[in-house]
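> Sequence:
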Amino acid sequence: MGLTAKIRTRDGWAVSHAVVTVTDMTGTQVLRAEADHEGAVRDTTELAPGAYTVIVTAVGYAPAASSAIVTASGRAEVGTVTLARQGGTELPPPGPWTIDPAHSSVAAVAQHLGISSVHGRFTEFGGTIEIAPDDIAKSRVEAVIRAASVDTGNGMRDTHLRSADFLDVERHPEITYHSTGLTQAGSDRWTVHGELSLHGVVRPVDLDLAYLGTGADPWGGTRAAFRATAELRREDFAMNYNQVLQAGIAAIGTTLRVELDIQAVQGDSLPQA
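Heads up: the sequence shown runs through residues 1 to 273, numbered per full-length UniProt numbering.
Hints are supplied without guarantee of correctness; some may be wrong.
[Unchecked claim] Mimicking DMTMM-like on lysine to aspartate or glutamate, the simulated pairs with C-alpha atoms at most 25 Å apart in a straight line are:
(1) LYS6 with GLU46
(2) LYS6 with GLU77
(3) LYS138 with GLU77
[As the list claims (entries may be wrong)] Pair ranges (Cβ atoms, derived):
(4) PRO96 with ARG203: 23 to 29 Å
(5) ASP11 with ASN240: 18 to 24 Å
(6) ARG171 with PRO96: 39 to 45 Å
(7) ASP36 with SER73: 18 to 24 Å
(8) ARG32 with ALA185: 32 to 38 Å
(9) SER117 with TRP219: 20 to 26 Å
It is worth saying that the hints were derived from the structure and are not from the lab.
Note that the coordinates shown come from a computational prediction; the quantities given were computed from them, not determined experimentally.
Glycine included, C-beta positions come from ideal geometry on N, C-alpha and C.
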């Protein structure tokens, strides 16, 4: 019996200070509960069967309201409630922003043996974002990744990835991306059009971008957060190496899923440590 819910940010983090209020159809509050450190709400208050309104609030986030039906068991399972940052749909202030590598990640996932995934990341990268003052579609992104910084947690595999079979880091030490346009896909969703230079090949690549909001940081600056994904085909960038096993299964998948979690600091440089 009672109410259960999970409170998360749009990028999946727990909101541990969230408060859930439940009202009946007359507007009378019948339950109030706080999330634990994992963003979970578990309240054993028995509720009469019927329809209720569930309101989730948290400092710094926009309130979220939804309906819930309590069954004869007296239980209401709200599921996962996603909170958006207060003012999260507002665009970042115009001007230059600098990507903070210490609080960002550039990751890629490839299929392995047809049954599992290999996760890798690049540990050395940087870039800038320029938010256009008048027309957001004219904003620009520039990024550079050191190809040799690839890290999959396996030294032998990483050495192979740096070789001429894959990244060929001796001949192509940098992976670069620069945007060519921006298309809005929702209130906080965008498609970034751009060109990726990888392994000596330049191809158009679109990023599916979610803007997660802007806020103050502990060092007196302002930060904006983004999450972006894209899919790349290795053969598009002349990385055709593969080992086919006896069963006819390729050891490494031909498609890479790229996952970017980016924090950018307002200004044209990072704060001094």
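> The structure should be examined with respect to each hint, and the outcome stated for every one.
Okay, the hints, checked on the actual structure:
1. LYS6 with GLU46: holds, 19 Å
2. LYS6 with GLU77: holds, 10 Å
3. LYS138 with GLU77: violated, 44 Å
4. PRO96 with ARG203: 23 to 29 Å: holds, 27 Å
5. ASP11 with ASN240: 18 to 24 Å: Cβ of ASP11 to Cβ of ASN240: about 34 Å, so the range 18 to 24 Å is violated.
6. ARG171 with PRO96: 39 to 45 Å: violated, 32 Å
7. ASP36 with SER73: 18 to 24 Å: holds, 23 Å
8. ARG32 with ALA185: 32 to 38 Å: holds, 37 Å
9. SER117 with TRP219: 20 to 26 Å: Roughly 36 Å apart at Cβ, these two residues miss the hinted range, so it is violated.
Comparing the model with each numbered hint stated earlier shows that hints 3, 5, 6, 9 do not hold.
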